[in-house]
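Colleague: In case you want the letters, here they are:
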Amino acid sequence: AQSVSQHNHHVILSEAASLELGCNYSYGGTVNLFWYVQYPGQHLQLLLKYFSGDPLVKGIKGFEAEFIKSKFSFNLRKPSVQWSDTAEYFCAVETGRRALTFGSGTRLQVQP
Amino acid sequence: GAGVSQSPSNKVTEKGKDVELRCDPISGHTALYWYRQSLGQGLEFLIYFQGNSAPDKSGLPSDRFSAERTGGSVSTLTIQRTQQEDSAVYLCASSLGDRRNEKLFFGSGTQLSVL
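Which chain is which? The protein sequence lines are A and B, in order. To convert, note that position 97 of the first sequence is 97 in the working numbering; the numbers rise steadily by one, no gaps. To get the working numbering, take the position in the second sequence, counting from 1, and add 112.
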């Protein structure tokens with residue numbers, strides 16, 4: 001069965017710092033990849049997704065993620081974080097149109 | 113309503129009791145999903161409904177868990193003879209269209225505590 005690893009459980013950054021959250025998955029076949037975000041007091045929502053094409057995908061609020069097949073990775077990046085980016089971020093993988101497998105999440109805290 | 117609605121938001125029950133959790137998806141969304149999240153862990157898939165098709169029950173952890181979706185809308189997740197390890201946040205999500213996992217809209221969840 002596939003698994004998803006998010007090695008950073010808790011990240012603390014100052015505003016304007018650059019962000020990279022790691023996501024690695026274990027599955028050798030075709031995958032579709034997602035990042036979901038949960039802001040404090042809000043529901044989980046889709047940040048961005050990769051199905052095919054350009055491996056660099058852009059999402060809402062200036063986030064982007066790069067699919068590197070050889071590294072089984074789909075890291076999330078943002079050049080300059082804001083206090084409002086404080087949230088929990090979940091990476092998810094889909095294989096063969098089956099259920100999404102989610103990572104355990106990374107809690108990002110941005111200090112003003 | 114504007115979003116996915118779940119009730120109750122919190123449920124405390126005693127070990128061995130049955131519980132029912134309700135999910136009201138976004139109007140017009142044909143797909144409905146149940147996930148659960150235990151403390152410090154990722155979301156764990158439970159069950160998936162798509163239109164009138166047979167549900168994908170492959171994530172249900174035991175036969176104590178069951179779910180139904182009436183009239184292609186509201187869904188109820190039932191846990192019989194609850195155990196302490198059932199304590200978790202149960203999340204419901206819905207999505208529009210036939211493509212599974214296209215874009216899930218989540219509810220706020222039901223926090224289940226089994227004493």
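If you're looking for bench data, these hints aren't it; they were derived computationally from the structure. Remember, it's a predicted structure, so these values are computed and weren't measured experimentally. Errors might be hidden in some of the hints.
[To be verified] Computed footprint of chain B on chain A, listed as stretches where at least three residues anywhere in the stretch have a Cβ under 8 Å from a Cβ of chain B: (1) 36–45; (2) 77–84.
[To be verified] Partner residues aside, some chain A positions facing chain B, computed with beta carbon under 8 Å: (3) Y27; (4) V31; (5) E94.
[Said to hold, decoys possible] List of simulated lysine to any residue pairs, SDA-like, C-alpha gap at most 25 Å: (6) B:K129 <-> B:V226; (7) B:K215 <-> A:A17; (8) A:K58 <-> B:G154; (9) B:K215 <-> A:D85; (10) B:K123 <-> A:Q42; (11) A:K78 <-> A:V57; (12) B:K215 <-> A:G22; (13) A:K78 <-> B:K215; (14) B:K215 <-> A:I12; (15) A:K71 <-> B:N213; (16) B:K215 <-> A:Y25; (17) A:K69 <-> B:G154; (18) A:K58 <-> B:G209; (19) B:K215 <-> A:L13; (20) B:K123 <-> B:A166; (21) B:K215 <-> A:A16; (22) B:K169 <-> A:T30; (23) B:K169 <-> A:G59; (24) B:K215 <-> A:E15; (25) A:K49 <-> B:D210; (26) B:K215 <-> A:G59; (27) B:K169 <-> A:Y27; (28) A:K49 <-> B:H141; (29) A:K49 <-> B:G140; (30) A:K49 <-> B:K129; (31) A:K49 <-> B:E214; (32) A:K49 <-> A:G62; (33) B:K129 <-> B:S165; (34) B:K215 <-> A:P40.
Idealized CB from N, CA, C, for every residue including glycine.
Colleague: What hint numbers does the structure not satisfy?
Modeller: Violated hints (numbers, rising): 2, 3, 4, 7, 14, 19, 20, 21, 23, 24, 30 and 33; every other hint is consistent with the structure.
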